[in-house]
Amino acid sequence: MDLRLSPEDERFRDEVRAWLETRLGGDFRDLRGTGGPGHEHEVVEGRMAWERELGAAGWIGLGWPAPSGRGASLWRQVIFQEEYARARAPGRLGHIGEHLLGATLAALGTPEQKERFLPPIARGEELWCQGSSEPGAGSDLAGVTTRADLAGDAWAIRGQKIWTSHAHLADYCFVLARTDPAERRHAGLSYLLVPMRQPGVTVRPIRNLTGSAEFCEVFFDGARAARENVVGAPGEGWKVAMATLAFERGASTLGQQIGFASELDAIVAAARARDADRDPEVCRRIADAWIGLRVMRAFALRVLSHGAQGELPPAGLGAKLYWSTWHRRLGELAMDVLGPDAEILRAPPCALAPLQETFLFSRADTIYAGSSEIQRNIIATRALGLPR
Amino acid sequence: MDLRLSPEDERFRDEVRAWLETRLGGDFRDLRGTGGPGHEHEVVEGRMAWERELGAAGWIGLGWPAPSGRGASLWRQVIFQEEYARARAPGRLGHIGEHLLGATLAALGTPEQKERFLPPIARGEELWCQGSSEPGAGSDLAGVTTRADLAGDAWAIRGQKIWTSHAHLADYCFVLARTDPAERRHAGLSYLLVPMRQPGVTVRPIRNLTGSAEFCEVFFDGARAARENVVGAPGEGWKVAMATLAFERGASTLGQQIGFASELDAIVAAARARDADRDPEVCRRIADAWIGLRVMRAFALRVLSHGAQGELPPAGLGAKLYWSTWHRRLGELAMDVLGPDAEILRAPPCALAPLQETFLFSRADTIYAGSSEIQRNIIATRALGLPR
Amino acid sequence: MRFAFTDEQEEIRRQVRRAIADGGGVTAARRAMEDGAGIDRALWRRLGTELGLAGLAIPDVHGGAGLGWIEIVAVIEALGADLACVPFLSSACLATAAILEAGTPEQHAALLPAMARGASTATLAWLEASGDPSPDAIEATAHADPDGGFVLRGTKRFVLDGHSADLLLVAVRAEGGAVALHAVPAATPGVRRARLPTMDGTRAQAEIILEDVRVPASSRLGGGGWHPIARAIAKARVALAAEQVGGAQACLDFSVAYAKVRQQFGRPIGSFQAIQHTLADMFVQVETARSIAYHAAWEAEHAPDIEVTSAATAAYCADAFLACAADAIQVHGGIGFTWEHDAQLYFKRARAGRTLLGSTTAHRDTVARSLGLGLARAHTDGTR
Amino acid sequence: MRFAFTDEQEEIRRQVRRAIADGGGVTAARRAMEDGAGIDRALWRRLGTELGLAGLAIPDVHGGAGLGWIEIVAVIEALGADLACVPFLSSACLATAAILEAGTPEQHAALLPAMARGASTATLAWLEASGDPSPDAIEATAHADPDGGFVLRGTKRFVLDGHSADLLLVAVRAEGGAVALHAVPAATPGVRRARLPTMDGTRAQAEIILEDVRVPASSRLGGGGWHPIARAIAKARVALAAEQVGGAQACLDFSVAYAKVRQQFGRPIGSFQAIQHTLADMFVQVETARSIAYHAAWEAEHAPDIEVTSAATAAYCADAFLACAADAIQVHGGIGFTWEHDAQLYFKRARAGRTLLGSTTAHRDTVARSLGLGLARAHTDGTR
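Residue numbers (this note's numbering), protein chains in the order written: chain A, 1 to 388; chain B, 1 to 388; chain C, 1 to 384; chain D, 1 to 384.
Hints listed in this document are in silico derivations from the structure and should not be mistaken for laboratory results.
Since the structure is predicted, the reported quantities are computational estimates derived from the model, not experimental observations.
Beta carbons are placed, not taken as given, at the ideal position from N, Cα and C, and that holds for glycine.
Watch out, some of these pointers could steer you wrong.
Dumping the calculated DSS-like pairs for lysine-lysine here, alpha-carbon to alpha-carbon at most 30 Å [said to hold, decoys possible]:
| no. | chain 1 | residue 1 | chain 2 | residue 2 |
| --- | --- | --- | --- | --- |
| 1 | A | LYS239 | A | LYS114 |
| 2 | D | LYS260 | A | LYS239 |
| 3 | B | LYS239 | C | LYS260 |
| 4 | B | LYS114 | B | LYS239 |
Partial selection, computed: residues in chain C whose CB lies under 10 Å from chain D [as the list claims (entries may be wrong)]:
| no. | residue |
| --- | --- |
| 5 | PHE272 |
| 6 | ALA274 |
| 7 | ILE275 |
| 8 | GLN276 |
Model the full structure from these sequences, guided by the hints.
Have a look at this one:
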């Protein structure tokens with residue numbers, strides 16, 4: 001057991017930190033702390049420019065092999081994420097393209113697909129969104145009803161996707177669609193790469209309980225995708241989609257924890273400012289939250305350490321359930337620390353202070369990207385081998 | 001809404017109280033506080049004599065119609081239970097005969113069965129036990145495999161029952177057995193009244209985690225029950241067993257709460273004696289326990305008030321889940337109040353102080369008489385009408 | 001012994017439910033929230049004046065219905081179920097109880113008739129910046145004026161419906177350090193008020209600044225002291241608890257309904273044990289909360305001291321509502337998290353309940369003190 | 001960066017597991033509990049002496065294996081899985097760390113070799129009647145004797161394996177109010193000890209009464225002070241946490257195994273979502289607890305100050321084990337509640353962990369103080 005990074009990795013950390021300091025001290029100064037879950041609507045133009053800045057400096061696709069990426073080790077990816085979060089650099093608009101679609105293509109794409117799609121992602125020039133969930137198929141992806149029919153050289157897509165982040169900004173969407181209507185459930189699905197800027201694509205933002213619009217609905221009404229832009233074989237979309245889901249648990253988790261830590265810092269500060277820390281119960285709840293952060297960090301390091309030597313271990317299946325539950329409880333703690341002022345907004349009807357935002361938005365954490373119920377199902381069957 | 005009792009009922013309360021004071025001041029003095037869940041092994045001979053004393057005074061079968069009972073109203077039954085508990089009168093050995101079998105026979109028995117079995121129960125002379133669960137059918141009563149075959153004028157019973165309280169003392173057992181092996185699950189079961197003191201019945205106590213033996217296993221190996229001693233029609237035992245289960249939620253719940261209150265009093269006293277009440281978190285957990293007791297009382301009154309006008313309302317389905325969860329938490333609170341002394345016994349290997357007993361035994365509360373999981377299933381389907 | 005509403009009480013509830021439904025139900029509450037009014041005046045005209053809710057607990061000699069806290073609870077449960085944006089809790093419960101408890105017969109006669117008609121609403125302004133519900137936290141003052149009246153100074157916060165009430169009942173620290181209550185028309189010179197935007201947009205709060213507000217001697221309700229105010233607050237906490245029961249029941253109802261129709265994995269989600277057990281836990285919370293709230297209503301009407309009952313009930317029902325509202329979102333999944341779905345309105349209403357009329361923590365501490373536990377803290381007559 | 005045991009460490013674990021299994025596993029622990037010995041001497045001979053666990057963390061110059069806290073954690077997790085009744089936590093972790101932290105090189109040479117051989121066991125006697133783990137609670141005293149030695153007086157309680165240890169390390173209040181640690185052979189005149197019967201019969205505790213116990217000057221370990229003792233306790237808490245991980249994993253394992261075979265309603269109970277979700281929650285607790293325990297082991301070996309790490313780890317792992325043990329009983333239903341089933345042994349062991357080596361509440365308070373929260377209380381050098 002050795003929890004130290006190598007001197008070379010530490011030098012890499014210095015390099016990342018220096019770059020972020022410089023760039024976020026200049027033109028992009030105002031972007032610090034913007035974006036991220038619950039804040040995706042903020043300073044979108046500036047953050048798109050920032051994506052290109054990241055791309056030009058070679059920070060996107062760090063772990064991809066050359067030529068698109070730098071082939072960096074998992075620990076260097078972690079270091080980048082940590083420093084990125086520590087610098088309060090803006091929430092990534094390119095996350096889905098880089099970490100979901102990019103990772104999926106790198107593993108399962110054709111050489112032509114990699115050549116066409118990875119470089120613009122790595123340059124921060126093309127943004128992606130994810131077309132998986134549907135109104136009738138939230139947790140149940142196999143229930144997808146969006147249809148794609150081959151008409152000449154292109155797939156014609158008809159259906160509706162929901163809970164799609166960045167759909168109004170994205171250039172492309174990866175869409176899970178039913179290409180063989182004769183098959184049911186997991187069979188007959190395909191994983192298509194669909195341009196968003198074309199007739200037949202309509203995006204409608206969904207306002208969430210914080211008052212802002214984090215997610216969108218996307219309506220496909222005869223939108224086209226080139227015949228060759230299917231990942232994996234037609235009819236094997238389920239397998240590809242499951243691979244994409246697996247990439248959701250990656251190096252970004254340690255960066256996320258740095259964001260959590262700064263939320264906890266704000267709670268500690270509020271507790272001290274309001275004398276709420278004279279109450280031992282409040283102090284212990286804060287201590288529990290802090291312990292939870294330590295747990296998350298140790299857990300992530302342990303899982304990633306195994307992952308660096310091959311497959312992610314089954315323990316990793318518990319990460320989402322743990323952090324989402326922790327974060328929801330953190331939001332409740334924040335409100336209790338604020339006392340009756342927890343109720344008072346900055347402005348009507350829903351200008352939320354950051355801790356209020358944490359409280360409200362954290363209710364989504366146990367729902368999106370596989371609800372807590374689904375997470376437990378997955379653990380029970382995959383990690384524990386319990387019968388269905 | 002009127003939460004007062006009538007003056008006549010209050011006089012009845014005085015009568016009960018006076019009787020208990022007198023009798024528990026005399027020969028039965030040493031029985032105070034003995035018996036009850038977790039303590040069923042205590043002073044058994046004395047408590048059997050006490051049962052006869054209760055019977056002679058007409059306190060058993062209070063709600064049954066004459067001649068076996070007094071036809072007392074539900075509220076008078078509640079009053080009796082409350083005063084009984086308040087006087088710390090001994091845990092009832094006759095509970096199963098009176099409240100489960102008696103109530104079942106009163107509703108579904110033949111005139112001959114009532115005449116044969118109710119009077120000795122009411123006199124406190126015959127004790128009953130319950131043969132429902134089996135090693136392979138704990139929560140799943142329909143999975144019963146004990147067989148009863150008609151051989152001439154009697155049923156011959158073969159099989160094993162488990163979690164049977166008082167089996168080593170009981171004169172009779174009501175046994176759910178499969179009388180039609182061709183039928184499966186709920187069909188083909190019968191509800192038989194089986195004498196315990198006969199060849200072919202073996203009782204083995206089960207030691208539980210408190211070190212005492214609360215429950216027994218009962219082995220039937222060709223034991224006999226008279227042909228006519230089946231309640232309901234042969235093959236309709238499931239319906240009868242379900243009726244018996246329903247009687248488990250009755251007037252005794254308010255008496256039980258008085259026992260809970262005295263456990264809470266002991267915790268309050270321990271907290272003060274150990275200065276544990278200087279910790280606001282401990283104080284609030286005690287306050288929550290006290291609030292829970294108030295909730296239970298209001299809940300029971302409300303449910304019984306509806307019950308007094310006919311059927312128990314669906315709300316009543318939540319009672320077991322609530323009190324068992326509350327009680328389990330009370331045990332945990334007790335341990336935390338005791339600090340490191342919670343660990344120290346009166347004597348090895350398992351002489352437990354009362355609060356330790358509460359802690360350990362309360363783990364059974366969420367398991368026996370329908371586990372918490374089963375309770376939630378029942379609420380979901382019966383009270384909320386959710387699909388199976 | 002009868003633990004149920006009478007037929008008459010059930011009939012009032014039915015009328016209230018019908019009036020709310022006619023007025024648009026939760027949709028009307030959403031409108032009142034989104035248009036920033038914070039009060040549904042049309043609905044209050046119907047409920048308060050025409051159905052007599054404004055004067056439900058006001059004696060009939062003053063033009064009210066002459067009913068009591070059992071009817072208050074019966075009615076407010078129905079209001080809570082649809083999040084009705086009306087000043088029932090602030091005016092018909094809290095302020096009415098305060099005037100009845102603290103005021104003289106003459107003051108009753110002067111203040112209550114207009115309230116009973118629904119022509120005037122009132123509220124109690126007692127909390128200040130700390131939000132501490134105890135009388136020790138009252139810093140606003142009343143100083144005797146040479147002309148025989150008083151001058152009020154200070155800032156009140158978290159005042160329910162404080163932006164719209166016509167009459168403010170202001171708790172102040174009077175001569176000698178005792179607490180006193182003054183009835184101050186909101187239009188009195190020196191009274192400045194600002195609506196505080198709230199996360200729960202269906203219930204308004206305000207800050208009230210008293211800048212040398214001159215009031216006549218008769219504005220002081222009764223002989224002063226904290227006890228009548230405490231009793232009024234305790235009764236209002238019981239009403240709030242019952243309102244929360246209504247909200248929790250609504251969360252359970254729409255969640256059960258959704259679970260029966262929403263399909264995932266080819267089955268209604270209500271057939272999955274995880275969802276069933278969540279809904280079963282909600283059911284137990286709703287039914288237990290209802291039981292303690294009804295019981296407390298009876299005590300509010302009949303028991304000499306309800307401080308502990310009220311605190312216990314308030315803590316329990318606030319928690320039950322919040323748990324049910326949170327579970328309702330989880331059961332609904334993504335859709336429950338949207339602005340358009342009503343689940344968020346209940347969730348925010350429930351969240352606000354953790355501190356409204358005192359925090360649930362303060363309530364538990366009240367219970368703990370009553371058990372003789374060591375949290376000794378003076379909560380007697382509020383005198384400094 | 002490598003967050004895993006080395007092959008050598010895994011090999012030690014395998015040997016330990018094999019030795020425990022050969023010795024009867026949990027059945028042996030049950031026997032040690034039921035026969036009242038509270039220690040499985042045969043197993044300790046095998047583990048402590050033959051496999052070298054007694055001296056695992058003792059430097060090789062003193063006859064030990066010269067390994068450290070990462071190996072301690074690797075090994076004790078295996079001991080915890082089978083509830084092995086051996087004085088590893090008390091002697092090889094707690095007392096060994098205390099001697100190493102507090103003693104001089106001469107004292108190391110005098111005390112450690114016998115312990116490394118397994119010929120002698122030791123324990124730390126630091127808690128007293130209050131059970132308060134802070135140094136402020138130490139009332140036992142050491143007074144200088146005219147002949148150059150000391151006289152010890154006082155009563156120690158909750159002493160792990162205190163009935164069987166050959167050497168007692170007794171924390172006392174010395175001259176000037178500072179805390180000091182004395183190494184006292186249990187056979188010293190004036191030392192009376194009584195085994196305290198414990199609910200967790202697999203782990204013994206004792207009360208130790210010191211009646212004018214005369215000890216030489218050399219019995220005082222090093223220069224005195226609370227810090228070395230605190231560091232030893234902190235390291236032992238990490239070991240205990242890892243032991244609890246082993247116990248929690250065992251609870252999960254036998255519960256999963258049972259859920260796969262036990263049939264109800266015609267299906268294995270492990271196919272019911274309610275059981276699946278309970279087991280999934282146990283899985284997350286086990287894996288998270290293991291992660292923080294391993295991380296703490298590394299810190300115990302490499303970090304300059306581990307008080308907060310250790311407190312955080314101890315609180316988390318104790319809770320995780322208790323939750324898993326309680327859930328194990330619930331998953332098993334009636335059978336899990338019987339004396340014969342092992343679930344109760346784990347449940348009682350886990351319960352004891354809430355206060356062993358300091359309560360989980362005290363641990364949380366330690367963490368809170370480290371965050372600058374207002375629970376200010378002197379926890380510095382223990383000097384009065």
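Against the structure, the hints:
{"no.": "1", "hint": "A:LYS239 / A:LYS114", "in the structure": "18 Å, holds"}
{"no.": "2", "hint": "D:LYS260 / A:LYS239", "in the structure": "28 Å, holds"}
{"no.": "3", "hint": "B:LYS239 / C:LYS260", "in the structure": "28 Å, holds"}
{"no.": "4", "hint": "B:LYS114 / B:LYS239", "in the structure": "18 Å, holds"}
{"no.": "5", "hint": "PHE272", "in the structure": "6 Å, holds"}
{"no.": "6", "hint": "ALA274", "in the structure": "5 Å, holds"}
{"no.": "7", "hint": "ILE275", "in the structure": "9 Å, holds"}
{"no.": "8", "hint": "GLN276", "in the structure": "9 Å, holds"}
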